[in-house]
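K.L.:
Chains as they are written, first to last, in the numbering used here: chain Z, 6 to 615; chain A, 12 to 435.
Hint data in this document are derived by calculation from the structure and do not stem from the laboratory.
Note that the structure is predicted; figures quoted are calculated from it, not measured.
Incorrect hints may have been included.
Unchecked claim - Chain Z stretches covered by chain A per the calculated footprint, using a threshold of three residues with CB under 8 Å from any CB of chain A: (1) 12 to 23; (2) 32 to 40; (3) 131 to 137.
As the list claims (entries may be wrong) - Each computed EDC-like pair below joins lysine to aspartate or glutamate, with the alpha-carbon atoms no more than 16 Å apart: (4) Z:LYS120 to A:ASP47; (5) A:LYS312 to Z:ASP72; (6) A:LYS174 to Z:GLU40; (7) Z:LYS11 to A:GLU361; (8) Z:LYS289 to Z:ASP72.
Quick reminder that beta carbons are idealized off the backbone N, C-alpha and C, glycines included.
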Amino acid sequence: MNEGRKEIIQIAFVVVGIIFLIKLFFIQVVDRKYEGMANSNAILTVVDFPDRGLIYDRNGKLIVYNDPEFDLLIVKKEIKTLDSAAFCDVFSLTRDQLHQKFKELRAKKEYSPVKPTVFLDKLSNHDFARIQDRIDEFPGFYIEARSTRAYTTKAMANALGYVSEISKSRLDKDEENFYRQRDYIGQSGIEAYYEKYLRGQRGVSYRLRDVDGIVKGKFDEGNLDVPSVPGQDLVSTVDIDLQNYGEFLLKGKSGSIIAIEPSSGEILAMVSGPSYDPTMLTGKNYSENFVLISNDTNKPLFNRPLMAQYRPGSIFKIAQAMVALQEGVIRPETRIYCDRTIIGCHGNHSNEDLRGAITNSCNPYFWTVLRRMLNQGKSDNPFDDTRIGLAEWNKHIESFGFGKSLGIDLPNEKGGLVPSPAYYDKAYGGRPWKFSNIYSIAIGEGENLVVPLQMANFAATVANKGYYITPHLVKSVGTSGKPLPAYQEKHYTTIAPENFAIAADAMEEVVRSGTGQYRASLKDIIVCGKTGSVQNDARTVRDPKPDHSVFIAYAPKENPKIAVSVYVEFSGQGARAAASIASLMIEKYLYGGTKRPHIEEYVLRGKFLD
Amino acid sequence: MRQEYNITQKIDWVTVGLYLAIVFLGWLNIYAVTYDADTDQSIFNLGLNSGRQLLFIVTSLMIISAILIIDRQFYETFAYIIYGAILFLLFLVPIIGKEVGGNKAWLGIGSFGVQPSEFAKFATTLVVAKVIGSIGFKMDNLRNQILLFALIGAPMMLILLQKDTGTALVFTIFVVVFFREGMSPFLILVGIGGAIIFVLTLLVENQYYLYAGIVVILIIAILIGRKKFKRIALLTLGAIAIAGVIISVDYIVTDVLKPHQQDRVKALINPDADPLGFGWNVTQSKIAIGSGGFFGKGFLKGTQTKFDFVPEQSTDFIFCTIGEEHGWIGSLFVISLFIALLLRILFLAERQKNKFARVYGYSVACILFFHFAVNIGMTIGLFPVIGIPLPFFSYGGSSQWGFTILLFIFLKLDAHRMQVLQRL
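Produce the entire structure from the sequences given, and follow the hints as far as they go.
P.N.:
Set out below in structure tokens:
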């Protein structure tokens, strides 16, 4: 047994050795091509940086593109003598700066005397024109081209986000091994969310150089070169004209404007105020400007539409009404006495039905409505009864997209808060609670928190009579593609369409004859809306800060084209600042401009509290 | 008491000589890699890899003395305990180990770290030899086969958990030892066939061509032979099985392998696929070796293999330095040294009087061969980049010690081979 097997193994060993020697003979003796490359600077590796994808608006207008940018690389070992006077002249440096640059170079972690290292970075196209002709005077220095972001407008900075060189910590987390040091990566906004599509694929080319370092041509006839693949373009859902108009209206104010096309969930405009000029976070001055912007006490990097959590205020009454109708605790004609002993109210009314209660934003009405909802008598114990009612209420409210992040295609979206029984258990530390402890949520105050995006989405949901498509900013990956699958799906609420119809009628009434009539109603079109004046934590006895002015709306009532939410911080009643801005946005989108210059002036003047 | 026994007379000095020659050449080449004419540091400088490698070599010599002094019975008697202890250490590595260069393969005590995986090789060799060498062992017994595969599978799995695929693959070479000891060659043939299908799957972009090829071959096979139902059924089943392998290879490559492993496999097929990554390493490595020509550039005169142009220059890609500085002649010399060492070990293994020592010897030869073949094969572009060291040659304490222990336990066993006879 096993005869001959030891010979097989011996022969296999020897054969492998012989194969190696034959292959080596071919590489080392027969093929002469490697010999010419036998010194360390024979091959110059040139990274071919990909262009990031461009971003267009919904009408095909270019918003974000790329500008060329250049880095000056150094291979220290190749520098025999450096004419520092000429060098300073060409690169507009002082002698001290040059010394400083060399000092910085040696301090760099990746510094190696034989490998190209960045010496001066982010030279502009303008610098390049000057340098290009004279670079050959300085052997050991190389120009590397790549591109940086450029913008056709100053608008939309927070939604677009910015791009910068990848950080060390992010590089360490790069499981795919895609990035290299100095690569650009989207840091926020669309740039971060769609990074995978925008970034493209870097390429490389190898050049052969002679003894003096002059490039003589491609290495191996370019067979090893790999061209870069540009990133995919994106088509945004945003109408850049509407966006610009929104930024114009919100100038000098804190707050946000969001406009959504209800039928598709496409965001037509998303304004965060105060904002910044996106061009500041590109090119040479990135670091300097970033410090400036992030230290700004107005927080221009804080993307209010998705990150600022406010109490929903009176707008929430629309949602309360629908939930109560759905639960069957009221009917549209239910009248409730405006008893102002428990909870305050405003305006001149006493015993309204549902529509009247919404039009007049009657607080006692909704106090009673919530009590009926939470205490439906499903348990004899008032504590348990409230618990059952609240769980039911929470389920309905969350179905509108409140209480959790909607899942917009931007990072850092906040979810707000819809209190649940578990939430109050925790808040009360296990002590019992019932309706009388938590009634503030009836009018959108108390523990409720929403972000402006959720309110705009709510307006869109009412416009759609029962469903929403998650709001999103990109309608096509590639120029003729589709949005991501998550943004093609309808989310239905737990509320029946007929109850939405009642809400819609009430919102129409708000604008026709209620709180919104002076500044939100438009001549040829039915606008449905709701005002809100939201208490905020900044208010103290000593410093009675005004409420936030809030308005949601959609129009036209039939076949709605646009849903809007507007928050203007510390500007008092919703009927003033917010309602004006919202109606102007609707006009701009539907008609291309306003026919009510006095309203525009009113907004721009910004004296909402007088 | 046993009779007086002079180990220095009985040890196989040919093997020792080959070992010392390879270790010494390795040391010189590690120095060449780090040598910079501008600074002209000494080969003994402990700040350089060469200085540290000398420490590893000196400690290896101490380990050798210990191995030769310890009673030869020790290794066979304690095989399971040694194996169990190493498995335990391997098990600990993912939990308390530290990460070096993307692989979590090190157990550290302060700044000092060892890779238990390097010691798993000799420990596994001991148990495999012990099992096959036990009285009444029959290779064609299915239970024995399962036991053997479990014994090599356990360390493989634990090392795979450390993401050290290269070292894990080393254990597959035990199949050759099993073959020598009587296992059916079927397994090896299946392995080679599988490898061919694997490479074809990666080479051919559109898999439908492969399926079409299989169908064509199947039809031809059916037509040329006798048209008996059983034969046709068997051929069809075989074709379906091969198609299944193709599907699973595709699945493994795209869904199971980590991105960096995919890159390595793809770099084998198409070195240009990741020009800045592994494909470029192989290209750089070939440039370095190729530029050496017939006679090489001379010791310390290399330019391509310095300054980390090729990463892992003093460990996995150490052979480049030989190729560049000593040319084809140098390559011939080093490869000849390795082949001589391997054949010598096979020769020693065949002259063993007991099965334990023979199986052990074969395992040593096969493990060294695997490292030799894969390591040099990858530097010259014949194998994918699998990061395993060139035995006795590459920089590194754990591997130097691991291979030294592996080899010298065998030399100890060999020195006592006549004693076994006397006892019988």
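K.L.:
All hints are to be evaluated individually against the structure, with a verdict given for each.
P.N.:
Going through the hints against the structure:
no.	hint	in the structure
1	12 to 23	holds (count 6)
2	32 to 40	holds (count 7)
3	131 to 137	violated (count 0)
4	Z:LYS120 to A:ASP47	holds, 15 Å
5	A:LYS312 to Z:ASP72	violated, 45 Å
6	A:LYS174 to Z:GLU40	violated, 37 Å
7	Z:LYS11 to A:GLU361	holds, 8 Å
8	Z:LYS289 to Z:ASP72	holds, 12 Å
The earlier numbered hints that this structure contradicts are 3, 5 and 6.
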